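Visitor: From first to last, the protein sequence lines stand for chains L and F. So the first sequence is numbered by our numbering: it starts at 1 and just counts up by one. So the second sequence is numbered by our numbering: it starts at 1 and just counts up by one.
To be clear, the hints were calculated from the coordinates, so they are not data collected in a lab. None of the values given here were measured: they were computed from a predicted structure. Among the hints, erroneous ones may be present.
Which residues of chain F face chain L? A partial, calculated answer using Cβ under 10 Å [unchecked claim]:
#, residue
1, Leu-9
2, Arg-45
3, Lys-53
4, Met-57
5, Leu-81
6, Val-83
7, Ala-230
8, Asp-233
C-beta: ideal position from N, C-alpha, C; glycine also.
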Amino acid sequence: MPAVLEFQDIIKDYRALFRRRIVRALDHFTLQVEEGEIFGFLGPNGAGKTTAIHLAMGFVRPTKGRGLMFGRRFGHAATRRRVGFLAENVALYHRPAENLVRFYGALNGLSGETLTRRTREALETVSLLHEANRNVGKFSRGMLQRIGLAQAIVHDPDLLILDEPTSALDPLARYAVREMLLDWRRRGKTIFLSSHLLSEVELVCDRIAVLNQGRVVRVGRPLDLLESREHFEIIASGVPADSLPGTEVQTDGRIRFLVTAHAQRAMLERIWALGGEVISVSPHKRTLEDLFLELTGGPGAEPRFRPKQEAP
Amino acid sequence: MKRVKRITLIALNFVREQRWPILVLQLSVLGLAALGLLSDARSDRDDILLTFKQLGMYGVAFSIFFGGSAIYNERRSRRILAVLGKAVTRRDYLTGLLLGVGLAAGLFCLMLGFTGTWTLCPIGFSFFYLWYLMGCVVAACVLSASVALFYSTHLNPWMSAMFTGLTLGLPGVLAFEFGGLWNYILPLFSLMRVFLKASYEHPGMSAGGAIPAALIETVVFWMAASWIFARIDVAVAVD
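The following block holds chain L by itself, in its conformation from the complex (with noise of 0.2 Å):
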């Protein structure tokens, strides 16, 4: 599949006019988002993730390296037609919601019939149609982030790019926005998501990267992360429980473990010893959040700080 979005070795470096102090966000940050795929983007906070979507709309410049959308180096203003925007907290200006999405799709270049068409239909798929009249100022924070969303939809874009779009959505608005975007996908637009949702992102996402301290410390579709190569699940039965250590009782009678995969093969052999039968053997299956937090060493991690003659 062709790459939508590329990074290419990226470097950026923050730096404040008058201070020392370089603020690294991005560290040789490489990563390709293919065609049609829904992309998930995981990170603790200040991991770079919203720096990352900013070069690729064109918002920064990186320090180094370089980076392509749709074929085309980053900033490319033609080519954010192909783009819709989520921004993380939504900043619009205070208007009639219908007006406002107007207001952007005719930035995109739509007019006449198709604008109005579009607009109503953008403002039906984030059910807002019936507050189409209403000032987007007077909005709670989850309808500012469904006029966001229907704000970068407006033109229908190949690419999506979305920071946190689901932040202050109820339950349902974001299973409203879950289905949008598997609907999108199947229609073979491509989504590149930034999510602090993990559950979110295991149960939409093609592929998932994790961005740690400005890199990319995993890249893979879900189940290959998510499965474990060092631990195994074992399923028995006809085995007292008490004669294995560390075994899980399920209701039907049968036990369940852990091993190790080295240690597999042995705790086979005592299971059949003790007379029991071995139902399954599968590999361990972590929940994303144990591979997010084993990835970021823990919630929070801090950007790097570094003097400015150690700075390349």
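Following the hints, position chain F against chain L.
Guide: For chain F alone, coordinates are given in the frame of chain L:
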């Protein structure tokens, strides 16, 4: 054509966002004109002209503040992200803002011109010269706004206003001292001198080539601002 539409949308959006200050300015001009009409115009004619000149100066000052704060406000509120996330180049965006400030200044000068026509022309001020002076004020406003916009690409509104004042004031001092070519370099002083020296008796002073010079230099500052703005990070705080 689509580019023109985008620029126009951004300009109109700027005017819409600044509608309250613009409305207050318009109403202040209207209110002062109403007071002028209520007074004894013949005996207070010098006061009326002075008020008219004062309002013209306000137009320039407000253009500097509008130009100097336009980008800052958008960046601080993060509204700039949704606009620049569309197929809008940084240059188009700046052009839209400059056009927006120009529109705001134009509306102000239009109102000042109309009210001046009602109050000054019946007591002996030349109708044509009054509108010529309005042209000078518009040129001064647009030049001031473009210089302020240039500084606001990388400075906060206060610093931007300060540097704009210095940039426009220094050639004014040199023009006052030496005249000649200095009258055409950032010719705010030359334009406003014509405006401030206007009188009922001697209305015919001309700004010479200062109006075209101001418009050309507006373009120069707009290009410089676009060049800088295309190279900065817009998603981080200015100050």
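Visitor: Given Leu-81 of chain F as an interface hint, is its Cβ closer than 10 Å to any Cβ of chain L?
Guide: Leu-81 of chain F check passes; min Cβ-Cβ to chain L is 5 Å, inside 10 Å.
Visitor: Per the CB criterion, is Leu-9 of chain F less than 10 Å away from chain L?
Guide: OK, holds: Leu-9 of chain F within 10 Å of chain L, min 6 Å.
Visitor: Hint check: is the beta carbon of Lys-53 of chain F less than 10 Å from a beta carbon of chain L?
Guide: violated (36 Å)
Visitor: Given a cut of 10 Å on the nearest C-beta pair, is the interface hint for Asp-233 of chain F held or broken against chain L?
Guide: holds (4 Å)
Visitor: Tell me if the interface restraint on Arg-45 of chain F is satisfied: Cβ within less than 10 Å of some Cβ in chain L.
Guide: violated (44 Å)
Visitor: Can the hint on Met-57 of chain F be confirmed by a CB-to-CB distance to chain L that is less than 10 Å?
Guide: violated (31 Å)
Visitor: Could you check if Ala-230 of chain F really has its C-beta closer than 10 Å to a C-beta on chain L?
Guide: Constraint on Ala-230 of chain F satisfied, holds at 9 Å.
Visitor: Can we keep the Val-83 of chain F interface hint, with Cβ of chain L closer than 10 Å?
Guide: At 7 Å from the nearest chain L Cβ, Val-83 of chain F passes the 10 Å test, so the hint holds.
Figure legend: structure checked against the earlier numbered hints; hints not met, in rising order: 2, 3 and 4.
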